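Novice: The lines below spell out each chain.
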Amino acid sequence: MSEAHIQKIPQADPAANEPEITPAIVAEHGFTEEEYARVLRALNRTPTMTELGVYSVMWSEHCSYKSSRVWLKQLPTTGPQVICGPGENAGIVDIGNGLAAVFKMESHNHPSFIEPYQGAATGVGGIMRDVFTMGARPIANLNALRFGAPEHEKTRHLVEGVVSGIGGYGNCFGVPTVGGEVEFDPAYNGNILVNAMCVGLADADNIFYAAASGIGNPVVYVGSKTGRDGIHGATMASAEFDDDSQEKRPTVQVGDPFTEKLLLEACLELMAEDDIVAIQDMGAAGLTSSAVEMAGKGNVGIELILDDVPVREDAMTAYEMLLSESQERMLMVLKPGREDAARAIFEKWQLDFAVIGTITDTGRMAVYHQGVLVADLPLDSLNDDAPLYERPYEFTVPPAPFDTANAPAPANAAQTLVQMVGSPALSSRRWIYEQYDHTIMADTLQRPGGDAGVVRVHNTNTALAVTVDVTPRYCKADPKEGGKQAVVETWRNLTATGAKPLAITDCMNFGNPQRPEIMGQFAGCILGMKEACEALDYPVVSGNVSLYNETNGTGILPTPGIGGIGLIDDARIYARMDGVKDGDDLILIGDEQGYLGQSLYLRDVLKLDLDKEGGAPPPVDLAAERRNGDFVRGLIATGRLSACHDLSDGGLYVAIAELCMASKIGAAFTLPKGIAAHAALFGEDQGRYIVALPASLTANALQAAEKAGVTARQLGTAGGDQLTGDGLDPISVSTLSEAHEGWFPTYMDATH
Amino acid sequence: MKAAVVLFPGSNCDRDTLVALERITGQKPAQVWHTQTDLPPADLVVLPGGFTYGDYLRAGAMAARSPVMAAVKKRAADGAYVLGICNGFQMLTETGLLPGALMRNAGLKFICKDVHLSVERNDTPFTRKYATGKPIRIPIAHHDGNYFTDDDTLARLEGEGRVAFRYVTKDGAPNEAANPNGSRGNIAGIYSDDMRVLGMMPHPERLIEPGLGGSDGRPLFEGLMEALS
Numbered sequence: 089m090s091e092a093h094i095q096k097i098p099q100a101d102p103a104a105n106e107p108e109i110t111p112a113i114v115a116e117h118g119f120t121e122e123e124y125a126r127v128l129r130a131l132n133r134t135p136t137m138t139e140l141g142v143y144s145v146m147w148s149e150h151c152s153y154k155s156s157r158v159w160l161k162q163l164p165t166t167g168p169q170v171i172c173g174p175g176e177n178a179g180i181v182d183i184g185n186g187l188a189a190v191f192k193m194e195s196h197n198h199p200s201f202i203e204p205y206q207g208a209a210t211g212v213g214g215i216m217r218d219v220f221t222m223g224a225r226p227i228a229n230l231n232a233l234r235f236g237a238p239e240h241e242k243t244r245h246l247v248e249g250v251v252s253g254i255g256g257y258g259n260c261f262g263v264p265t266v267g268g269e270v271e272f273d274p275a276y277n278g279n280i281l282v283n284a285m286c287v288g289l290a291d292a293d294n295i296f297y298a299a300a301s302g303i304g305n306p307v308v309y310v311g312s313k314t315g316r317d318g319i320h321g322a323t324m325a326s327a328e329f330d331d332d333s334q335e336k337r338p339t340v341q342v343g344d345p346f347t348e349k350l351l352l353e354a355c356l357e358l359m360a361e362d363d364i365v366a367i368q369d370m371g372a373a374g375l376t377s378s379a380v381e382m383a384g385k386g387n388v389g390i391e392l393i394l395d396d397v398p399v400r401e402d403a404m405t406a407y408e409m410l411l412s413e414s415q416e417r418m419l420m421v422l423k424p425g426r427e428d429a430a431r432a433i434f435e436k437w438q439l440d441f442a443v444i445g446t447i448t449d450t451g452r453m454a455v456y457h458q459g460v461l462v463a464d465l466p467l468d469s470l471n472d473d474a475p476l477y478e479r480p481y482e483f484t485v486p487p488a489p490f491d492t493a494n495a496p497a498p499a500n501a502a503q504t505l506v507q508m509v510g511s512p513a514l515s516s517r518r519w520i521y522e523q524y525d526h527t528i529m530a531d532t533l534q535r536p537g538g539d540a541g542v543v544r545v546h547n548t549n550t551a552l553a554v555t556v557d558v559t560p561r562y563c564k565a566d567p568k569e570g571g572k573q574a575v576v577e578t579w580r581n582l583t584a585t586g587a588k589p590l591a592i593t594d595c596m597n598f599g600n601p602q603r604p605e606i607m608g609q610f611a612g613c614i615l616g617m618k619e620a621c622e623a624l625d626y627p628v629v630s631g632n633v634s635l636y637n638e639t640n641g642t643g644i645l646p647t648p649g650i651g652g653i654g655l656i657d658d659a660r661i662y663a664r665m666d667g668v669k670d671g672d673d674l675i676l677i678g679d680e681q682g683y684l685g686q687s688l689y690l691r692d693v694l695k696l697d698l699d700k701e702g703g704a705p706p707p708v709d710l711a712a713e714r715r716n717g718d719f720v721r722g723l724i725a726t727g728r729l730s731a732c733h734d735l736s737d738g739g740l741y742v743a744i745a746e747l748c749m750a751s752k753i754g755a756a757f758t759l760p761k762g763i764a765a766h767a768a769l770f771g772e773d774q775g776r777y778i779v780a781l782p783a784s785l786t787a788n789a790l791q792a793a794e795k796a797g798v799t800a801r802q803l804g805t806a807g808g809d810q811l812t813g814d815g816l817d818p819i820s821v822s823t824l825s826e827a828h829e830g831w832f833p834t835y836m837d838a839t840h
Numbered sequence: 210m211k212a213a214v215v216l217f218p219g220s221n222c223d224r225d226t227l228v229a230l231e232r233i234t235g236q237k238p239a240q241v242w243h244t245q246t247d248l249p250p251a252d253l254v255v256l257p258g259g260f261t262y263g264d265y266l267r268a269g270a271m272a273a274r275s276p277v278m279a280a281v282k283k284r285a286a287d288g289a290y291v292l293g294i295c296n297g298f299q300m301l302t303e304t305g306l307l308p309g310a311l312m313r314n315a316g317l318k319f320i321c322k323d324v325h326l327s328v329e330r331n332d333t334p335f336t337r338k339y340a341t342g343k344p345i346r347i348p349i350a351h352h353d354g355n356y357f358t359d360d361d362t363l364a365r366l367e368g369e370g371r372v373a374f375r376y377v378t379k380d381g382a383p384n385e386a387a388n389p390n391g392s393r394g395n396i397a398g399i400y401s402d403d404m405r406v407l408g409m410m411p412h413p414e415r416l417i418e419p420g421l422g423g424s425d426g427r428p429l430f431e432g433l434m435e436a437l438s
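Those sequence lines, one after another, are chains F and U. Just so we're aligned, residue 89 is where the first sequence starts under our numbering, counting upward by one. Just so we're aligned, residue 210 is where the second sequence starts under our numbering, counting upward by one.
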């Protein structure tokens, strides 16, 4: 297009019957008065409807991080292993052999609550697209799910829909889902959390970024056609729910995993050629955000001709095409003259391919529809003028440490253990993970159910360990300790497989940031995460923020989900939970305090109100954490351990039971002196592991621990088919397993 | 042995199958795209798992009518060996190369787990490296693996020794507890009447080395290699 066009004033879309911009329409688009004033200042005129729509999605919380950015900036994001930190589609770390792991976790909470199958499915689709946009083939998926109380009327339906949606998408696409976590809490009754993580594998020297360049280069649209689905999804994700939220169903997108698979193969095929300048998937805010981000990052301009956008519905307006969140679409900038070669690849995969614009030098996004300029917006304003809020925050005042005297001992600890391993919190997740294909790609070493998923890096001797963790009840009681704990728990789970933890992605799920106590939770968690990341040289390389997780003013538990990945240098040497052998010794690594604050024992057994009576969460000693973890990793590297398991929810007794159930063997163990038995059994002291090893190696291992300054004691011996301990009723491992495996299927099979 | 693997746009076990074949036979199999109307010379044609064209219609129904399947049918008629795994088994029943149908799992859910299988006979190129009477352990991963056929056909399959694999317990019992998907007769795989076409729901290509937790899938490819070389 010519200069003359650019200087024109944008007009109403000829395809739409556009209303006048009124204060009501501005408010409907989620703008505050002050925000709209900024728009007027940037344009020096009233925006067209199309322009108003573009501004509203770009400045939504979801796209602009306007409430969270000031805090996110504090997180450490660098390290020798980091190839690409936050700000791109996903984070990237070096994993040796000329390869890179590309990964990110993202939320799809609001859509999944409204339409669980499609919401969860498109969450998986979106995160995989983020990963393969950068040139990586997805090799492992994980998910972190949080539902309301099991007895809540919606929970069963939501579990059913979300799990089949995740499976439906990932199974068809063909990526193993190797790990995850699931939790039930009434705080999520009206606002579930569906966080999906994807890890991909790329050549370290063939990574693709979003920054556009090359004036005159063609802008190409590929993938599915555009429909009217998902319009204003990003805005929905940036608002609270109320009783009318079901009316937002039309803003939920519909996923097509088959098309996504075609898109992956076509993109990877094209990426093997030297044709792409920049590429960005169309996720939240669709064509708008991909065009604005690509041009903005490249400090260029972009011109779009919407008449050339492949559509699947008649008479779509510019507003609709720009804001549609139809799935399985990508925007690319190609090198000049490469259109035909690229088109041939996409046609082979039977995908749409259309040149829909050009890179310009204007610093603006100009959009034409039916020959009329319908939007002409300065990119720096769209990208950078978004108001940055330093929202008022009130830090949570951490409660006093919990006094064990306030927690009575159970009548029969062994029976309590059976109850706990068969509870919603600790029962086996087999019902879920058997619905996910976790053996496809034939590289899965550790399937779901271990401390972390482990997948071999194809055609190498290395493997990646992957995990997602957070303990929201800790974060609620003390956001800073909870944030710290979430990071170290991933680090510990990776370490328990023998992996060297490399980096994390975060998925920050919180309530309404306009409430100072919620902002305080957010800020507290960030500060704790920062401390842990720094102490463990474990940077954040990608992430996602999901705010306004509230329904009718009730917020969720603060849930900073952390996804960690670690590298196993020799795929033959890693640790599992299921290898304990008859006669093995069990060694407990780490300090035993018997601290019961915020434990599952208090919540699920004593049924205390954790907010009022739960005390502070268990403190995290980062130096001890690192020392203990490094020591355990060293032991695993000797290749002589039978098994390893970290201690977390439920404490020591649950951890031993888990080892016994996984290995189908009994064990006898002793309790420490000077700590009340139930506190030693159920306290959730941090930084601990159990390792199982041939008895002949025990003395050496204990000596090595002492030398390393690591607390360790011989915990007991494996053998028989019962779990026994000091003063505890013996309990058969099969009884434990029955309870452990029973809860989920029984719950899901029950009818109201 | 020359093998050819047929690729559909939605195949997703194609790489695993290619890797298993290459690792065990030492030869790279030929790859055949779904639009091709003839096959390269091959002793064995493999239809790998996946979702062919998305399988939004019945699994394998569209694939059965694709250009390449006409060629596969012709090659089968000419006496080549054909192996269909998972989605490949579904394609074989949809094309009529094998009788019966794979319906939605009885529990209506996708199931991914290791199952035990009995090897019903070990005098075919597919199973010659297995021992009968000793269950093998191989993963399944499917939503539509519930094998159904009418009584007469079932009786014929049984009578002609055309059941290749059955879901059994660890100890070899073909009972209901061992049946993951509701298949009639606990059937996990069947042969054509000339014993040259095998369709099976479990994925032997996923367990071919101890490092992955088992290698019971390996003898299937080793047997083919031995018999067809």
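Note that these hints are calculated values from the structure, not bench results. Everything numeric in this text was worked out from a predicted model, so none of it was measured. Ideal Cβ placement from N, Cα and C applies to all residues, glycine included. Incorrect hints may have been included.
What the hints assert, rightly or not - In silico EDC-like pairs for lysine to aspartate or glutamate, Cα to Cα no more than 20 Å straight-line:
#, chain 1, residue 1, chain 2, residue 2
1, U, Lys283, U, Asp403
2, U, Lys322, F, Glu826
3, U, Lys322, F, Glu121
4, F, Lys385, F, Glu435
5, U, Lys322, F, Glu829
6, U, Lys318, F, Glu248
7, U, Lys318, F, Asp837
8, F, Lys695, F, Asp666
9, U, Lys322, F, Asp472
10, F, Lys154, F, Glu121
11, U, Lys318, F, Glu522
12, F, Lys761, F, Asp817
13, F, Lys700, F, Glu605
14, F, Lys436, F, Glu357
15, U, Lys322, F, Glu106
16, U, Lys318, F, Glu829
17, F, Lys242, F, Glu638
18, U, Lys343, U, Asp403
19, F, Lys423, F, Glu435
20, F, Lys385, F, Glu269
21, U, Lys379, F, Glu826
22, U, Lys379, F, Glu829
23, F, Lys752, U, Asp380
24, F, Lys313, F, Asp449
25, F, Lys752, F, Asp837
26, F, Lys242, F, Asp291
27, U, Lys322, F, Asp666
28, U, Lys379, F, Glu248
29, U, Lys379, F, Glu522
30, F, Lys436, U, Asp247
31, F, Lys761, F, Asp679
32, F, Lys752, U, Asp403
33, F, Lys96, F, Glu106
To be verified - Which chain F residues face chain U? A few, computed with CB under 7 Å, are given here:
#, residue
34, Phe346
35, Gln523
36, Ala530
37, Glu701
38, Ala704
Novice: Next, verify each hint and record whether it holds.
Specialist: Verification of the supplied hints:
| no. | hint | verdict |
| --- | --- | --- |
| 1 | Lys283(U) with Asp403(U) | 14 Å, holds |
| 2 | Lys322(U) with Glu826(F) | 18 Å, holds |
| 3 | Lys322(U) with Glu121(F) | 56 Å, violated |
| 4 | Lys385(F) with Glu435(F) | 29 Å, violated |
| 5 | Lys322(U) with Glu829(F) | 15 Å, holds |
| 6 | Lys318(U) with Glu248(F) | 10 Å, holds |
| 7 | Lys318(U) with Asp837(F) | 13 Å, holds |
| 8 | Lys695(F) with Asp666(F) | 32 Å, violated |
| 9 | Lys322(U) with Asp472(F) | 49 Å, violated |
| 10 | Lys154(F) with Glu121(F) | 16 Å, holds |
| 11 | Lys318(U) with Glu522(F) | 9 Å, holds |
| 12 | Lys761(F) with Asp817(F) | 19 Å, holds |
| 13 | Lys700(F) with Glu605(F) | 17 Å, holds |
| 14 | Lys436(F) with Glu357(F) | 11 Å, holds |
| 15 | Lys322(U) with Glu106(F) | 55 Å, violated |
| 16 | Lys318(U) with Glu829(F) | 18 Å, holds |
| 17 | Lys242(F) with Glu638(F) | 16 Å, holds |
| 18 | Lys343(U) with Asp403(U) | 25 Å, violated |
| 19 | Lys423(F) with Glu435(F) | 19 Å, holds |
| 20 | Lys385(F) with Glu269(F) | 35 Å, violated |
| 21 | Lys379(U) with Glu826(F) | 18 Å, holds |
| 22 | Lys379(U) with Glu829(F) | 19 Å, holds |
| 23 | Lys752(F) with Asp380(U) | 17 Å, holds |
| 24 | Lys313(F) with Asp449(F) | 28 Å, violated |
| 25 | Lys752(F) with Asp837(F) | 26 Å, violated |
| 26 | Lys242(F) with Asp291(F) | 44 Å, violated |
| 27 | Lys322(U) with Asp666(F) | 16 Å, holds |
| 28 | Lys379(U) with Glu248(F) | 30 Å, violated |
| 29 | Lys379(U) with Glu522(F) | 19 Å, holds |
| 30 | Lys436(F) with Asp247(U) | 18 Å, holds |
| 31 | Lys761(F) with Asp679(F) | 13 Å, holds |
| 32 | Lys752(F) with Asp403(U) | 44 Å, violated |
| 33 | Lys96(F) with Glu106(F) | 19 Å, holds |
| 34 | Phe346 | 3 Å, holds |
| 35 | Gln523 | 5 Å, holds |
| 36 | Ala530 | 4 Å, holds |
| 37 | Glu701 | 40 Å, violated |
| 38 | Ala704 | 41 Å, violated |
In the structure shown, a violation is registered for the earlier hints numbered 3, 4, 8, 9, 15, 18, 20, 24, 25, 26, 28, 32, 37 and 38, in ascending order.
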